[in-house]
Amino acid sequence: MAKQLLKFMRKIQQIYLDKLLSLVDADLIKTKHYRVLVDPGNGTASEVLPELLRQAGCQVIKYNCEMDQLPQRAPEPRAKSLQATAKMTVKQHCDLGLGLDMDADRVLFIDETGKVISEDLSAVILAKGKKILVTPVNSSGLFKDEAKKWGGRVIECLVGPPEIIKAVKKYRADFAYEESGKYFFSDCFLWADGLLASLKMLQVMARLKKSLSAIRQSYPRYYQVKLAVKCAWENLPRRWIGKGEKRVFGDSFVFIRASGTEPLIRIFSDSPDKKKAEKLAKDGKKLVA
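When you line the sequence shown up against UniProt numbering, it's residues 1 to 289, in that order.
No wet-lab data here; the hints were simulated from the structure. These numbers were taken from a predicted model, which means no experiment stands behind them. Treat the hints with caution; some may be incorrect.
[Stated by the list, open to error] In silico lysine-lysine, BS3-like type, Cα no more than 30 Å apart, as pairs:
no.	residue 1	residue 2
1	K115	K80
2	K285	K149
3	K7	K80
4	K275	K128
5	K131	K285
6	K149	K243
7	K226	K128
8	K7	K115
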């Protein structure tokens, strides 16, 4: 019985992998023989992502790929939590590093120099050329500014995947993302899949015939500061619950919103000027504290 179940599960897994490979130019990716470091945070992608990449012709370096209830690093894939992963990407001479969360709907990309690519820049790279784009109000101005250059229409929505999907359906968007590292390719299916996003990034690299660092350096840099202030549920100010509050200052903004899952008030600032981003975040924190 156990063998039959395992055989059935492997069959289902292969159907899934075949579908993902059909959504990209897998033959092109295979010609590049990319070397990819995979860090799924000991989560659900620990076996399936390495197998997917092998079937895409990649040489896979596994890191934190032993499935466990607890990850061997911080579970949330962010630049700070992926520093060891970034160093290993360079040490193993990889073309690309991947850092996912435990259910693999989020992914961050690391270039061959060990630079963790910001979620907003990753979205720009993945979305380039697409016409109707959806993103929450706390996303970087980088995405909006770059989309204008290729004639893309950016539609802002409330924060959270349910609101993103609602907007994608309403406006028939081609692409959507949120700053946590979730990317939605609406021509495929309406949920964030870190494995599909990984293939899509490899496809971009292959089509452009460029390294990820070269692609990264072709875009301007925006700075985001993200702060969180603890606040008991019963004390959360109504003005920051739900939609939150966004204040725009030319090419910069500060956004304040109560977390929907934790007793926190989150402050986001964004600007092409680092000092301005830092000041806006500090000013936002003063409003909250």
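Okay, the hints, checked on the actual structure:
1. Between K115 and K80 the CA atoms are separated by roughly 11 Å; this keeps the pair inside 30 Å, and the hint holds.
2. Of the pairs offered as hints, the one joining K285 and K149 is violated, with about 33 Å between alpha carbons and a cut-off of 30 Å exceeded.
3. Distance check on the hinted pair: K7 and K80 sit about 39 Å apart at the alpha-carbon level, beyond 30 Å; violated.
4. A distance of roughly 28 Å separates the Cα atoms of K275 and K128; the hinted pair therefore holds under the 30 Å criterion.
5. At roughly 36 Å between alpha-carbon atoms, K131 and K285 are farther apart than 30 Å, so this suggested pair is violated.
6. Pair hint K149 plus K243 holds up; C-alpha atoms about 28 Å apart against a cutoff of 30 Å.
7. Only pairs whose Cα atoms come within 30 Å are accepted, and K226 paired with K128 is accepted, the gap being roughly 25 Å.
8. Restraint check for K7 and K115: the C-alpha separation of about 40 Å exceeds 30 Å, so the hint is violated.
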